[in-house]
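Here is what each chain is made of, one letter per residue.
2 protein chains.
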Amino acid sequence: MQIKWIDRGVCYPEGFLASGVNCGIKKDRLDLGVLFGTTECYAAATFTTNKVKAAPVKISSEKLNKNKIYQAIVVNSGNANCCTGNRGLLDAQEMCRLTAQELNLPEEKVLVCSTGVIGEPLPMGNVTNGIKSACSSLNENDLPFAEAIMTTDTKPKRIAVEAILDEQTTIKIGGCAKGAGMIYPNMATMLAFITTDVEIPPDTLQEMLKNAVEQSFNRISVDGDQSTNDTVILLSPKGRKFPEKQYELFQNLLTRVCESLALMIVKDGEGATKVAKIIVKNATTPQDAEKAARKISNSLLFKTALFGEDPNWGRIMGALGAADITLDPNAIDIWFDDVQVVSCGMGMGKETEERAKLAMRKDQIVITVDLKVGKYQYHVWTCDLSYDYVKINAEYRS
Amino acid sequence: MQIKWIDRGVCYPEGFLASGVNCGIKKDRLDLGVLFGTTECYAAATFTTNKVKAAPVKISSEKLNKNKIYQAIVVNSGNANCCTGNRGLLDAQEMCRLTAQELNLPEEKVLVCSTGVIGEPLPMGNVTNGIKSACSSLNENDLPFAEAIMTTDTKPKRIAVEAILDEQTTIKIGGCAKGAGMIYPNMATMLAFITTDVEIPPDTLQEMLKNAVEQSFNRISVDGDQSTNDTVILLSPKGRKFPEKQYELFQNLLTRVCESLALMIVKDGEGATKVAKIIVKNATTPQDAEKAARKISNSLLFKTALFGEDPNWGRIMGALGAADITLDPNAIDIWFDDVQVVSCGMGMGKETEERAKLAMRKDQIVITVDLKVGKYQYHVWTCDLSYDYVKINAEYRS
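Line by line, the protein sequences are chains H and W. Following our numbering, the numbering of the first sequence begins with 1 at its first residue and continues without gaps. Following our numbering, the numbering of the second sequence begins with 399 at its first residue and continues without gaps.
Hints are not guaranteed to be accurate.
[What the hints assert, rightly or not] Under the rule of at most 25 Å between Cα atoms (straight-line distance), these lysine-lysine pairs were calculated in the PhoX-like manner:
id	chain 1	residue 1	chain 2	residue 2
1	W	K425	H	K350
2	H	K291	W	K770
3	W	K456	W	K689
4	W	K425	H	K357
5	W	K456	H	K391
6	H	K391	W	K608
7	H	K27	W	K748
8	H	K372	W	K449
9	W	K449	H	K291
10	H	K357	W	K789
11	H	K26	W	K665
12	W	K755	H	K26
13	W	K456	H	K372
Just so you know, these hints were derived from the structure itself, not from any lab.
Work out the full structure, taking the sequences as your base and the hints as a guide.
Dropping the structure here:
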C-alpha cells in the first residue's frame, strides 16, 4: 500500500466543493466560507468543553444530537458570535437557513461555525450577502475556504492524504484548520473541517474522530487559554461503502491528517518562532504523564526560554515539581533532542549545555523527560512565547 | 489607636541588625545578606509546596521542625542552590555554619535561603567571603539587606508599620521581600522576611503567619509558575510578652504588612506596567470563587489585553468558561472599576467600552466578576504581560 501526502484540502476527496469570500466582517480579507457535499454525508464532530459556548457551537451541537445527515457547513471569521444572547442564536440559525436556501437544501442539513472577537453581534447584512456570494462561487479549489476561516493565522492550513490500496481502490481524506491564538487542549479557538470519499456509519465515524482529536488537536498548546468556539467536523459521504476490516487504516490516516493540521496550528501559533514536542516518560499513571507534559508546555518560563534558545532545564524541573504528580527529583533525566542535560536531577555541566544550545536553534525540538517512577508516557506540542505574542494580543482589537 | 506606615524594613523593630554585600555571585550588585536578632527569637515560616525543593528550603524547613529559636538568617541571590544534589545540601549547611561562626552563635540558630538560577553549584569561595563581610557590617540600615535578596526585581521592597496603643505601648512590624518572576500562589520565587518587637509563642506565631500568607503572598500571580525556593520567615524576639487580647491586632497588622509586600511584588512583576485586582463574587463554593479568580489572573489573553489597555471582557468570559466551576453564562456581570461592561453575559455596548478603556489606562484596576450563582468571594492580584516579560525571561541567563 502506498500513501501520498498532497498539498490540498477539503475538496481533494471527490464530492466536495468549497468557496471563500469577503463580506466585510473583516477588512480586505476573506471572512466567510461554505463547504458543500454534492451528496448526503454523515457527520461527526467535537466541540469546545468551555462552559461559555458560542451560539454556533450550541446550534451545531444540538443539530448533531438529532440528525446525522448533512450537506453543508457555513463558517465566518472575524466575529465569534459568542456572548451575544438570544440574538446570537437567531443569527446562527439564520446563517444555516440562508445557506440552505441558496443551496436548495433542507435547513437541518447545514451546520454553522464562527470564530473571532467575542461579544459583538454579527453584521447580518454583510453575512447575508456573503452567504449568497459564497454559495454561488462553490468550486473544487479549497484554498479560499481555508483562507476564509483564518483569524490571526499567518497562513492557511490544509493537508490531504491518499492511500492506494490497489489499482482500483483508494481512500482520500482532506482537511483544513485555523488556529493561532487561544489554543489549548479540549479544543481551543481552532476550527477544523475534514472530508473523505468513503462512507462510514455515524457512530463509528464519531468514535474515530474522537480518537483522532485526542491524539492531535487536544495535544497542542499555544497559550493555555481555551476557546468558546472550537469545533472539528468530519464529513463522510453516503454511497461508497467501506469494509470494516479497513477501519483501522482509516483511523490511522484520519489521526495523521489531524496531527498534521494540529502541528500546523502550533507552528503558526501567535508569535511562534519554534515548536517543541514535550515527551514525558515513565510516569506512575497516564494522568501524571499528561499533567507533567501539559505543565511544561504551559510554563511561561519554559516558553520564553524556548524563544531565547536557552536550554534552561531548571525551569522544566520547577514546572515538574509544581505539576502535582508523583516524582523523585533525584531520578529525573532530561534531554534536549539527543543531548542529555539532566541526569538524576542534576545538570550535566557547561559543555553539555553548549551542545543543547545548538539543538535549541532549530525550528523544532524534542524535549524528553524521563521521570523513572513508572511506565506511562504522554506527549504534547507547544510553541515558544515571543514579543509578537504580546504584540498580537495586546493590540488584537485596536 | 494610631497606625503609622514607615518606609523602613526588617530593622524598624528594635533588636534587629542587617547587612547586604556583593560577594561576586552577581556582577556589581549586592548578592548576600544577613539578618541578625540581637536576642533569641521565635521563628515561623512557610515554604514552597513545589516537589522540587532547593537545598536551603530543605535545610531550613528541617531545622524549623526541630527547633524554634533562631537569631540569624543568611540569604544569597543569583543562585538558587537547587538541583545541586548532595553538594547543595552541604553548601547550604556550610552557609549556616559560617554565619554562626562569624556571629558566635550555635549553628542551629541560623536559617538559610537562596534565590536565582537553578542547577548551578554555589561558588562557595565567594559565599564564604560574603558571609564574613556581611556579618562584620551588620547595622540598623535595612536597605542593603533588601537589595541583596533581589534578582530581576527593579526595586527593593520593604515596609514597616507601628501601632501606637498608648503612650507607653507600641507594636512594630517590619518586612522586606523579593519577587518579580516565577510568581504564583503557594509561594513562588519570592522570599520575605518579617520581624517584630513583641514575643509571640511559636505555635501562635506560625498560625498567624500562615493566615497572613494565605491573604497576601498566596494571592498574587505574575506568571503562573511556581518556584523551588519560596520562603517567608517571621522572627519574634523573646522578652517582651504580649497580651493575648492583642493577638487579633497583631494578626491584622501582620496581614497588612504581608499584603503590602505582596502588592509590591506584583507591581514589580517582570515587565509589569500595571496591576489588576480580580474579585470573583457570588460563586457557589469558596473553591469556585478561587478557581475563577486564578484562571482569569493566569490567562495570557487577559494579561496581554491588560497590557494593551483593551477592556476585552470576552477573554474573561472565555477564562470563566474554562475554569471548571459552576456557572450560568447568562447571569454573569463584569465591571472594570466602576464601569459595568457585561450584564447577564452580554456586552453593554460601545459607549460603555470607551469608558472602560479610560479605566484601563490607570496603573491599578479592579476587575469584578459577579457570577450570581452563590455567595462566596475570592480575590487575587495579577499584573499584565508585556514585551519586557518576554525579554527578561528569554535573556535571563544570557
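Tell me the numbers of any earlier hints that the structure contravenes, in ascending order.
2, 3, 5, 6 and 11
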